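Trainee: Note that the protein sequences, when read in sequence, are chains A and B.
Heads up, the first sequence is in numbering that gives the first Met the number 0, so the first residue is 0 and it goes up one at a time.
Heads up, the second sequence is in numbering that gives the first Met the number 0, so the first residue is 0 and it goes up one at a time.
Simulated from the structure, these hints should not be mistaken for lab results.
The structure displayed is predicted, hence computed values, not measured ones.
Ideal Cβ positions, reconstructed from N, Cα and C, are used throughout, including at glycine.
Check before you lean on any hint, since a few could be wrong.
Distance condition first, Cα-Cα at most 27 Å in a straight line; then the derived DSS-like pairs of lysine-lysine [claimed, not checked]: (1) A:Lys175 / A:Lys148; (2) B:Lys39 / B:Lys127; (3) B:Lys127 / A:Lys107; (4) A:Lys148 / A:Lys107; (5) A:Lys148 / B:Lys39; (6) B:Lys127 / B:Lys86; (7) A:Lys135 / B:Lys39; (8) A:Lys135 / A:Lys167; (9) A:Lys63 / B:Lys127.
From the derived model, a few chain B residues whose C-beta atoms are all more than 10 Å from chain A [what the hints assert, rightly or not]: (10) Arg61; (11) Gly114; (12) Ala131; (13) Ser147; (14) Glu148; (15) Asp152; (16) Glu170.
The chain contents come next:
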Amino acid sequence: MSTTEQQATTVPAGTFVADRVHSSVGFEVPYAVATFSGTVPEFTASLVDGTLTGEAQIESIQTKDENLQAHLLSPEFFDAERHPTVRFGGDVLRDGDDATIEGELTIKGITQPVVLRGTIVGPAVDHFGATRVGLKLETTIDRTTFDIKWNMPLPTGEPALANDVTLKADLTLVAKDA
Amino acid sequence: MRVLAISGSLRDASNNTALLRALREDAPDGVVVELYGGLKSIPPYDADDDVVPGPPAVEELRALVRNADAVFFATPEYNSSVPGALKNALDWASRPLATNSFRNKPVAVVASSAGAFGAVWAAAELRKVLGAMGARVVDAELAVGHASERFDDDGVLVDDDVRQGLREALETLLAEAAPALAAA
């Protein structure tokens with residue numbers, strides 16, 4: 000088996016840590032007639048011998064409206080005062096460029112099994128000599144199973160906010176020196 | 000523990016205010032229930048007046064809420080909703096949203112009316128408003144219908160079931176406030 004084939008079929012061993020400048024974590028949820036999205040810029044993530052773990056500080060949530068941010072942090076949504084972090088952990092399975100992680104996600108103190116799917120790139124050496132792995136992942140959760148149940152009826156009687164929320168992580172992970 | 004009690008009614012002989020007096024009488028040891036009396040002095044909300052500091056009556060309300068461990072509401076129902084004076088006070092108190100004094104504050108809502116339904120729609124609306132403000136709205140419901148039959152001529156609560164319902168609502172509120180105190 001050549002080196003190239005090994006890189007395409009295995010998750011690299013060793014420790015890789017997210018480069019936050021080149022990584023992002025966020026969410027999308029249908030709201031009324033459009034999609035509402037946001038990011039959580041304060042997070043850490045690491046890949047250690049094929050296991051991805053991450054933790055995001057929900058107080059850092061960013062949307063395009065400060066009042067919406069305040070509402071999202073309130074007990075009706077994330078209850079950031081009592082549950083300041085969102086956590087994830089699971090083993091990365093690789094099939095060529097495809098990545099799948101069957102892991103556990105904790106939001107608002109409630110842990111649920113989730114499956115993240117996406118792509119994996121690398122390991123590859125960048126122009127500064129650092130070894131990087133890219134993971135682009137997403138999953139869809141039912142927010143109500145994490146006790147995030149707020150809604151408001153539209154004039155038609157339909158709920159304004161969908162229950163299904165897509166979570167996205169686009170991670171660049173850099174190898175730590177042994 | 001300090002509980003601020005806010006009645007949605009302004010009239011002297013209010014049944015809702017009388018409910019809160021009963022709540023105060025029955026408060027357990029170590030719990031101080033303070034009856035808010037400034038609702039009538041809150042000016043109409045005007046964003047042009049929403050500066051720092053706000054009107055004195057508004058700042059007083061904000062400080063009382065901030066210094067309380069929890070807030071207990073009793074509201075009547077006007078036209079199927081929250082009385083305007085109470086909603087106006089909350090509109091002031093909710094500003095600015097991200098740092099308002101009700102944020103993460105445990106709150107309970109009970110309601111009473113002269114009619115049969117006990118102001119349930121006003122209570123539901125009030126819970127919605129408080130949730131939108133970022134308060135920690137507890138799951139305690141007490142709707143007192145035919146309210147005038149529950150009090151004697153001196154405004155003293157004489158209905159033991161209602162008194163028990165008030166105690167249970169207060170217990171739920173205090174339980175919600177306890178973790179916040181433990182973390183402080």
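Trainee: Let me make sure I understand: some of the numbered hints might not hold for this structure. Which ones are they, in numerical order?
Mentor: 1, 5, 7, 12
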